[in-house]
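In the order they appear, the protein sequences are chains H and C. Every letter in the first sequence is one number past the one before it in numbering that gives the first Met the number 0, and letter 76, counting from 1, is 75. Every letter in the second sequence is one number past the one before it in numbering that gives the first Met the number 0, and letter 128, counting from 1, is 127.
Treat the hints with care, since some could be wrong.
To be verified - Examples of chain H residues lying across from chain C (beta carbon under 7 Å, computed):
no. : residue
1   : R2
2   : A6
3   : E202
Claimed, not checked - Just some of the chain H residues that point at chain C, by a computed CB distance under 7 Å:
no. : residue
4   : Q14
5   : T207
6   : P208
7   : S362
Simulated from the structure, these hints should not be mistaken for lab results. Here the structure is a predicted model, which is why all the values come from computation and not from measurement. All residues carry an ideal CB built from backbone N, CA and C; glycine is no exception.
One letter stands for each residue in the lines below.
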Amino acid sequence: MLRRIWAITQKEFIQLFRERATLILLLVAPLLQLALFASAIHTDVKHIPMVVADQSVNQASRAYLNAFVQSDYFDIVATVASQADLVTAIDNGQASLGILIPPDFAAQVKLGQAQVLMVVDGSDSYTTNSAYNTANAISQSYAVSLIHHSVTPLTMSVRILYNPDLNQLWFIVPGLLAALVQGLTLGLTALAVVREREVGTIEALLVTPIRPVELMLGKTIPNLVIAFANTTSILAVAVFLFGVPFQGNLLLFASLAIIFAFSGLGLGLVISVASQSQMQAQQLSGMFNFVGMFLAGFLFPAYALPPVLRAIGYIFPMTYFLPIVRGIFTKGVGITAIWGQVAAACGLLVVVLFAAARLFRASLD
Amino acid sequence: MNELAISAQGLTKQFKTRGGMVTAVENLSLRVTPGETYGLIGPDGAGKSTATRVILGLLTRTAGESSILGFDSMADSYEIRERVGYIAQQNVLPADLTVMENMRFFAGVQCVSAEAQKKRIPELLAFAGLSNFTNRLAGRLSGGMKKKLALACSLIHEPQVVMLDEPTLGVDPVSRREFWSLLGDLRAEKGLTIFVCTPYMDEAERCTQIGLLYGGKLIAAGTPTQIKGLLPGHLLEFTPAQFAAAQQRITGMEGVLELQTYGEKLHVFVDDVGARKAQIEMALAAEGIAHDDLREIEVRMEEAFISLVQQQTEKVGV
Chain H
0 MLRRIWAITQ
10 KEFIQLFRER
20 ATLILLLVAP
30 LLQLALFASA
40 IHTDVKHIPM
50 VVADQSVNQA
60 SRAYLNAFVQ
70 SDYFDIVATV
80 ASQADLVTAI
90 DNGQASLGIL
100 IPPDFAAQVK
110 LGQAQVLMVV
120 DGSDSYTTNS
130 AYNTANAISQ
140 SYAVSLIHHS
150 VTPLTMSVRI
160 LYNPDLNQLW
170 FIVPGLLAAL
180 VQGLTLGLTA
190 LAVVREREVG
200 TIEALLVTPI
210 RPVELMLGKT
220 IPNLVIAFAN
230 TTSILAVAVF
240 LFGVPFQGNL
250 LLFASLAIIF
260 AFSGLGLGLV
270 ISVASQSQMQ
280 AQQLSGMFNF
290 VGMFLAGFLF
300 PAYALPPVLR
310 AIGYIFPMTY
320 FLPIVRGIFT
330 KGVGITAIWG
340 QVAAACGLLV
350 VVLFAAARLF
360 RASLD
Chain C
0 MNELAISAQG
10 LTKQFKTRGG
20 MVTAVENLSL
30 RVTPGETYGL
40 IGPDGAGKST
50 ATRVILGLLT
60 RTAGESSILG
70 FDSMADSYEI
80 RERVGYIAQQ
90 NVLPADLTVM
100 ENMRFFAGVQ
110 CVSAEAQKKR
120 IPELLAFAGL
130 SNFTNRLAGR
140 LSGGMKKKLA
150 LACSLIHEPQ
160 VVMLDEPTLG
170 VDPVSRREFW
180 SLLGDLRAEK
190 GLTIFVCTPY
200 MDEAERCTQI
210 GLLYGGKLIA
220 AGTPTQIKGL
230 LPGHLLEFTP
240 AQFAAAQQRI
250 TGMEGVLELQ
260 TYGEKLHVFV
270 DDVGARKAQI
280 EMALAAEGIA
290 HDDLREIEVR
300 MEEAFISLVQ
310 QQTEKVGV
């Protein structure tokens, strides 16, 4: 059995190294993706274009608008006359937020009953939420600053663990690592079996005593080496280039990363043995990758999903690995804090490998 | 049962297609004793490949029984795969592996020990005439060399039976002859049982036993001599000047059993050479059709095959 697995592994390695360009792409692409995503993904949106209709034009209104500009979250892109003009500017896509300051603003402030109108572009939820929340907060703190002798009835003292400065990269990168590795492992094996079937070489394999599970393992091992190299390089770039601190035990992380990569490759094999053509396998692995991003807790926390979607999420290795990577990478916890996830990940690995071997049709029918 | 190298009993294979069930092999029964070279002969689409694949366990059978060396095709497929070599019709060896890497791979998956590999691989490469091409990618070999490599790979685990599915398809005549002389050596030296599918009649003549497959059914079986003996009467050959007119005149003449065209020649099966030769010559002379001498020739596999197929189509009424 081991001899046959070894023979297949060697064959796969030879074929891998024969396609030098593809190999280089496999090794470099995840790093480019990491660099790209890490630079592009921002959950707090800055420099939101804002249009202003200041009908008051005095010191009070200027001070209020200054608070917006100085926050860095808003750029005043235009000044208009009326509420209708605000809406037009947002219609045109010139601005995402409009603020109307009424003519009697200064007087009303003194009376303690000033009102401003905020018009928000509701077509893009990310910007809308960010613009609405930030503008609201700026207005609140501006209002508080006007009450000189304030006695705050409640003070909250906040301590944020692991990432006290709320550094965006620290949030994103560990999860991104998991998402990238899941995507690349799915892609690595999705074509492995269906390609042999499409090219016809499966016939040469089927007439040998190779058992399905041996074929699955032999096909996985070389890809596991690549996936592990990718994980290592992604981690190195994250720590050394993006400066995200690695808090936990590297050895523990490495061994769990192997289990994670292994199950991703196994899931890819399931796709490969179930597919009728390479095209189909490619489409399926793309779909799995996409759905996995949403259901495994990378973009939204998994506990916020409806039960059915959560259940579907359990087929993705990332569902288990995300808490593991965040636990070890960001929190620096040991195995005791994550053993439940580790056990589930091992269970999934066994299930996907078994499923791939069972679904493999050992005939040409 | 165990003394048979290959056996099939009432073997049937149906495929599900969009248009319904298609029967590719119907009620096929055959027996191949060890050391024989069995040829499954038939035109394209006769079901030769399907029959071979079902017997090998590469396709599931719809009905019937089949076994190799006493091992059931379906239940004992791994026992079969350890003892049988197979060359598929298409080139199915990994094209991006070299000759040597292919040999090593198949040796590895057949669990051939390292010492045995060291001895056997060079032997087989020399036997197949590939010793000077060990570093060439399999995909860059010529058609004939690909088949020889496939043969060498299929022999790495010293199988008792080799099954070859149209091994000389797309191979030039010289390479074809070489390939068959390799098979001859194997039979002579190792007593290997060879099962070969082919549409070529000259290859059929090289087999010790043949079965004629047509429309998924075995329409005749026996030694090449027996098969040729199935034909009624004797065969006369001649070249008429006016081909169509001669064909028309002779068809239906008394004592003429069958007429086949062969290039610009006519092949006429007659019940009695002495009597019919003169009658045909007279008939042609009466029509003013010039021709060369009518001569009796030996029936070849090709004539036998065409005749048997014609009989079959007449019987079915196609």
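- Message: Name the hints, by number, that the structure is in violation of.
- Response: Violated: none.
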